Amino acid sequence: MCLAIPMRVVEIQGGKDPLLDPERAIVDADGLRKEVRLDLVDRQPQVGDYLIIHAGFAINCLDAENAEINLALMRELADEMAREDGETP
Amino acid sequence: MKYMDEFRDRRLVTTLVRQIHGEAGRPVRIMEVCGTHTMAIFRHGIRAMLPEEIELVSGPGCPVCVTPSGVIDGFLELARRPEIIITTFGDMLRVPGSETGPENSLAGARAEGADVRIVYSPMDALTLARQEPDREVVFLAVGFETTTPTIAATILAAHKLQVENFSVFPAVKTMGPPLKALMRDPEVRVDGLLCPGHVSIIAGADSFRFLAREHGLACAVAGFEPTDILLAITALLRQIDSGTPTVDNCYGRAVTMEGNRKARQITEKVFTPVDSEWRGMGLIPESGLGLRDQYKQFDITNRLNLTIPPSREPGGCRCGDILRSICSPPDCPLFGRACTPASPIGPCMVSSEGTCAAWHKYNNPEALT
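Chains A and B supply the protein sequences, listed in that same order.
Residue numbers for the first sequence follow the working numbering, so the first one is 1 and each next one is one higher.
Residue numbers for the second sequence follow the working numbering, so the first one is 1 and each next one is one higher.
Next up, chain A with everything else stripped away, as it sits in the complex (with noise of 0.2 Å):
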């Protein structure tokens, strides 16, 4: 029930007024577009982020310079591997 997932920010909509035109914003995976609430978020997201989405809310801003780092460690791990196989990564 916890499931959540990555969505990029497309577009940036409402904010005039809180109650009756809150700040949303259309988010887009894969072709599939939703609009969320952002209430929940503790950073205003830009057009291209990547917001966590769960239950119509977007409930974190998702850390994309982490997520390449992350990666280029596993990525290191893994030739480092091959190395010591004996082979070219």
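Check each hint, because a few of them may be wrong.
Across the chosen pairs, the derived CB separations fall in these ranges [to be verified]: (1) D5/B x E80/A: 34 to 44 Å; (2) R75/A x E53/B: 24 to 34 Å; (3) V47/A x G25/B: 46 to 56 Å; (4) L32/A x P82/B: 35 to 45 Å; (5) L19/A x G90/B: 28 to 38 Å; (6) I26/A x G90/B: 18 to 28 Å; (7) E80/A x V274/B: 43 to 53 Å; (8) Q44/A x G45/B: 31 to 41 Å; (9) P186/B x D21/A: 28 to 38 Å; (10) R184/B x D21/A: 44 to 54 Å; (11) P186/B x V47/A: 52 to 62 Å.
Please keep in mind that the hints were generated in silico from the structure rather than gathered at the bench.
Owing to the predicted nature of the structure, the values given are computational and were not obtained by experimental measurement.
Don't be surprised by glycine CBs; every beta carbon is placed ideally from N, CA and C.
The hints should help you fit chain B onto chain A, whose structure is shown.
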């Protein structure tokens, strides 16, 4: 999808699996407490990749599974009132109350004429209430830290918009108190905890630090892709091996040590801790959330003065023991026989993220032969 596919890369998965095989030593038991983790572990075949020294067990992290049968009876009582529209996440629909059988579920009530509607967001329930001002729209508020802020934000919106025909049935819970209770349970033996990734987005990785500090439990926050889970397992093995339990955040792209303070403030504005009953674990102090006095008008149990009937578990059902990780689904006499996904008896079989449903789908010896 970006930020999902890269973390399923076969070469990276193979690398991490090799690393785990190289580091595994004495037998260890690792608990995943999140139902979404349970499903991910089965779906990606992670158990089969691991050396036999590493045992993965499931904990009480599926909100549908831990909702006591008395609360489900309360949901059903409301659903049968003609003036009420019940709105719920789809997972709750087939969970039976104290009486077993599909007719004693929200799906059964709907078949008998109750107005039960599935919503994707609690905000959809509020929208429905504004569209149907002559009906009482009740949202069944089930979930953990991840979901509660979305419910709190909806209640705040209902309050500001003065929507009087919207209310919730509060049954939300928090993860810390049951984990503390499990660690004190002499029957439960766990060396490491795969901490729930999306609960941690809100609560912060640091919210699990007391488990490392006070209970000597190795903790690693994990995402839901195969490399996320495997990376967290390597972190747990290192903590266990070196005897230095701490909290490693292995889901840094989504989780910070501090969590989402704004979301927590919204939750705290609306909700306050209350004692709460957990299926299989009994009453756990301050493990649930009730509405604060200034929002009590949105609590349907308060508005109608409803009393929750005592819970009764179906005979032979071992969901309680399964939720405490002291037995596996095949140890239950009903598993795969009287209790199947098509005709579930216990909640762990009903919820798509329940441990029994996952075992039945992916790990059923009869299904494999």
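These are the hints, each one checked on the structure:
1. With their beta carbons about 23 Å apart, D5/B and E80/A fall outside the hinted range of 34 to 44 Å.
2. The supplied range of 24 to 34 Å is met by R75/A and E53/B, whose beta-carbon atoms lie about 27 Å from each other.
3. Checked against the hint of 46 to 56 Å, the C-beta distance between V47/A and G25/B comes to roughly 49 Å, which is consistent with it.
4. Checked against the given bound of 35 to 45 Å, the beta carbons of L32/A and P82/B, roughly 37 Å apart, stay inside it.
5. Distance hint for L19/A and G90/B: a CB-CB separation of about 29 Å, consistent with the stated range 28 to 38 Å.
6. In this structure, I26/A and G90/B meet the distance hint of 18 to 28 Å, their C-beta atoms being roughly 24 Å apart.
7. At about 51 Å, the CB distance of E80/A to V274/B agrees with the hint of 43 to 53 Å.
8. The beta-carbon spacing between Q44/A and G45/B, approximately 40 Å, falls within the hinted interval of 31 to 41 Å.
9. A hinted range of 28 to 38 Å for the beta carbons of P186/B and D21/A is inconsistent with their spacing of about 56 Å.
10. At about 49 Å, the beta-carbon gap between R184/B and D21/A stays in the expected band of 44 to 54 Å.
11. For the hinted restraint 52 to 62 Å between P186/B and V47/A, the CB-CB distance of approximately 54 Å keeps it satisfied.
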